[in-house]
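**Q** Please build the complete structure, drawing on both the sequences and the hints.
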Amino acid sequence: MIEDRSGFRQGCPLSPFLFVMCSQLLSNAFLQRGNSIGVGISSNGPKVSHLLYANDIIIFSNAQMKSIKIIKDILGDFCRWTGQKINLQKLNIVFGKSVGTRRRKKISKVFNCKEVKEFNYLGIKVTLRRLSRTDFQFIIDKAMSMLGIWGNKLISLGGKITLANSVLLSYPSFHSSLSMVPKQTLYEVVKLCRKFIWNKNDGSAGMHYVSWELLCKPRSCGGLGINSCSKKAGPLRARLAWRYNQF
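Counting along the sequence shown from 1, when you hit position 94 you're at 94 in our numbering, and nothing is skipped either side.
Rather than coming from a laboratory, the hints here were simulated on the basis of the structure.
Quantities reported herein were computed from a predicted structural model and do not represent experimental measurements.
Think of the CB as a built atom: it goes at the ideal place given N, C-alpha and C, for glycine as much as any other residue.
It is possible that part of the hints are untrue.
In silico lysine-lysine, BS3-like type, Cα no more than 25 angstroms apart, as pairs [to be verified]: (1) K106 to K90; (2) K69 to K105; (3) K109 to K85; (4) K232 to K160; (5) K125 to K142; (6) K66 to K85; (7) K109 to K69; (8) K125 to K90; (9) K72 to K97; (10) K153 to K183; (11) K114 to K90; (12) K232 to K195; (13) K142 to K69; (14) K72 to K160; (15) K183 to K231; (16) K153 to K195; (17) K195 to K160; (18) K217 to K195; (19) K66 to K117; (20) K183 to K217; (21) K160 to K142; (22) K85 to K105; (23) K117 to K47.
Label pairs and their calculated CB-CB ranges [to be verified]: (24) C79 to I124: 49 to 57 angstroms; (25) K153 to N62: 31 to 39 angstroms; (26) Q89 to N62: 52 to 60 angstroms; (27) G40 to R219: 40 to 48 angstroms.
**A** So, in structure tokens, the structure goes:
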């Protein structure tokens, strides 16, 4: 046991290393003591007990009180070892449909947390229901918010293409790689990008001198290499299905 006598200053090169060590400590605790917890994705695949990125963690388990006690002991030991604390304001729990009401209340009381139907993890909505088009409205709102900021600036045609390709179209592509974003949402973002590229600096409509299909072609084929999020949706969904099938 190493006792600390003083903290680290901001920007200390040891801080990231110690943070990684603490994260690995928590992961090892789940791997060593969490054999009875976790969710099996397939009959032959391994169980997934947790997902950990930075200080955000998702824990998967069944609703048996034995498993709940193991999780509570692991988190309690980790807090004592590192001095960190659980943020109760961000602590939520989602139950499956087969878990009864009494069991839900009992487990929620153990962790002193509230039950929710869905939550966001690293910008991705996690829920047991099927996502609809309205759940991805934030992608369109994000694009419109960016366009509202850029609209008051004098940007060249090349600058508009760079912003559209690197910012506007990359954001929905990120979500398409992790969830099934509706095509209508992607088409709406593409529509906003086309208007942003060809509209005049005063906001009035401009002429589309080149088709969108030509702009999306590689530079070697006469295009500008724009990565259209609607055209990338198919390959990204196929990769998502392939990764799921690997388990």
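**Q** Hints numbered earlier in the text: which of these fail when held up against the supplied structure?
**A** 10, 13, 14, 24, 25 and 26
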